[in-house]
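This is what each chain is made of:
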Amino acid sequence: MKQTTNKMPMWLRYVINIIVFFVLFGGSTGLVNSSIISTYYTRIIVLCGINMILALSLNIATGYLGQLPLGHAGFMALGAYASAIFMRSVTVSPSAIFPLGILIGGVTAAFVGFLIGIPALRLKGDYLAIITLGFGEIIRVVLLNIDSVLGFKFTYGAASLKNIPKTTNFFNTFLCVAITCFVIHTIMKSRHGRATLAIRDNEIAAEACGINTTYYKTFGFTLSAFFAGVAGALYAGYIGVLSPSAFGFMKSIEILVMVVLGGMGSMIGSIISATALTALPEMLRAFSQYRMIAYSLLLVIVMIFKPTGLMGNYDFSLSSLIGKIGGKSKPKSKTKTKPEKDGETNE
Amino acid sequence: MSKLLPVPSRGMIPERDIESPPVLEAIHLGVDFGGLVAVDDFHLLIGRTEISGLIGPNGAGKTTVFNLLTKVYQPTRGTILLGDKDTAGMNTSQVCRAGIARTFQNIRLFKDMTVAENVMVGLHHDIKYHIPGAIFRVPGYWRQEKAARGKAKDMLSIFNMQDMGDIKAGGLPYGAQRRLEIVRALATDPSILLLDEPAAGMNPSETAELMENITKIRDVYQIAIMLIEHDMKLVMGICEGIAVLNYGKIIAKGTPAEIMSNPVVVEAYLGKKEA
Ligand SMILES: Nc1ncnc2c1ncn2[C@@H]1O[C@H](COP(=O)(O)OP(=O)(O)OP(=O)(O)O)[C@@H](O)[C@H]1O
Ligand SMILES: [Mg+2]
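For the protein sequence lines, the chains are A and B, in the order given. First residue of the first sequence? That's 1 in the working numbering, and the numbers climb one at a time after it. First residue of the second sequence? That's 348 in the working numbering, and the numbers climb one at a time after it.
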């Protein structure tokens, strides 16, 4: 009955997206395996992927839920440590068990996110920012000191958790980015996503429409933490050594900058700015001491000229793009996202 | 228009509703803000398909009554019965699911969503699939989303807005925003609909159309409607029962004819207004 502006039938859009996914996936895996893309670049691409998941996950809380958490690196740390401790303890082939490690990272972060979310989400705006900021610091300090206080040999504190199997590769990072995009997209384009966006737009009205706001806020926060944990797990398998200092306040801010720069509520925006803000500093190694200055300057400039971020809350739709090239259907607000292909734009 | 009959609990309900239990009953309802008694000893009985009006001067506490009924404010004292259910301890969303829907004096739409999506938020509980169903796009997801879209369109057609489904709600003209808010409230499948100044900012022809549509909504959906309105033509034209509020207290209740000839009301409100 509806969907008049977008002529392309749903199944066709899915077919197109699935084909694109496999072409990109197969193509880029081929390039990586045949060493056309060097190991150095592959590592940068993997890092881009990890940061994409981080930005996408924070975007759930800021863009879709309208909150401002400042402790996102804390969830990443939880996922990283949980997965790393698990991966170090297993005796079977690490790469075979890594999916489970990723899941453990995600679930651990999600569980803590759930516990924090219940009290934190009763507070609004500044208070939530402060409480999550405090939480992020608590996680870092706990990871730093838990061993010496309790006499465990778990996190090894400042001495770093070493010898984590380096299981993260292009293949599993690509898959995780794709799954993250897919899950966030499908949830947001459902009655649950509408409820979440309704709370962001007008909480009282959402409640008056019968929406259980506490439930959806907690859910969004938990989901956000889950994917941050997944990113953390990938990071642990990428870097091989974990120390709590990597997950400080600055890391949280870095992720937030990616989201704000890309446009709150835009998945493609998060992806583009995560890629840019990861790849550029790597490429411009020589100027690394200016990195934070560049970040701040970039943020100020974007906020002055385009306060909604680069992409606003626009989301990319492959099928409507094809439709546009075909010259028929107008761009439409309800679009389909398939942003996985940005994984290798930065060679 | 049917006659109003007095019932034992000091309320008036239409003749045709006399067989069925009242849809809403407020007993001794009151709320204080700090020292200010905003609403006190508020009694109300609304019949199953009654259209009633709540009038009173600015600051009388009308909106506050709606906020109490929908639990935006928790009442300091008193009871609200919805059918035979006591709403004590419920929050806004639970009250909505129990059957009270409302609009807001200062429009509260989901501005960044389309018109159809706004209505579909109202249909939230009409759609049943769970989160995994959405992620894996089970057949039920497609079926229910399509049905909800169709239903939203049907409901928008009450106000002839069925072709505006894809417009951003924030971009609608003022009158259309008010109408959309009514449709969204209706979508929650209420047994009573509370309208806070539905005609505010509308021109006379829009208001006349709105009057017809409010009656039509009552007839089609067989629900009770209670409205706050300053436009006396509208109130006197469609309301069967009217309660007058002044300084948080009900000073008069009755049919439009009774209210218009009530000297207390005329003095407190109408007289000054017409002068
Ligand atoms: N949250 C609140 N805190 C303190 N006082 C409040 C609050 N809400 C309402 N009031 C006061 O209660 C009184 C009634 O306000 P209310 O908004 O219900 O009036 P109203 O009858 O709807 O007026 P209007 O016709 O202007 O809409 C006013 O004096 C108002 O200042
Ligand atoms: Mg009012």
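Hints listed in this document are in silico derivations from the structure and should not be mistaken for laboratory results. For every residue, glycine included, the Cβ atom is placed at its ideal position computed from N, Cα and C. Do not rely on the hints blindly, as some may be mistaken.
[What the hints assert, rightly or not] Non-contacting residues of chain A with respect to chain B, defined by C-beta distances greater than 10 Å in every case (computed): (1) R88; (2) F111; (3) G248.
[Stated by the list, open to error] Per label pair, the in silico range of CB-to-CB distance: (4) Y521(B) / A294(A): 25 to 33 Å; (5) K124(A) / G406(B): 44 to 52 Å; (6) G406(B) / R291(A): 29 to 37 Å.
Hints violated by the structure (listed by number, smallest first): 4, 5, 6
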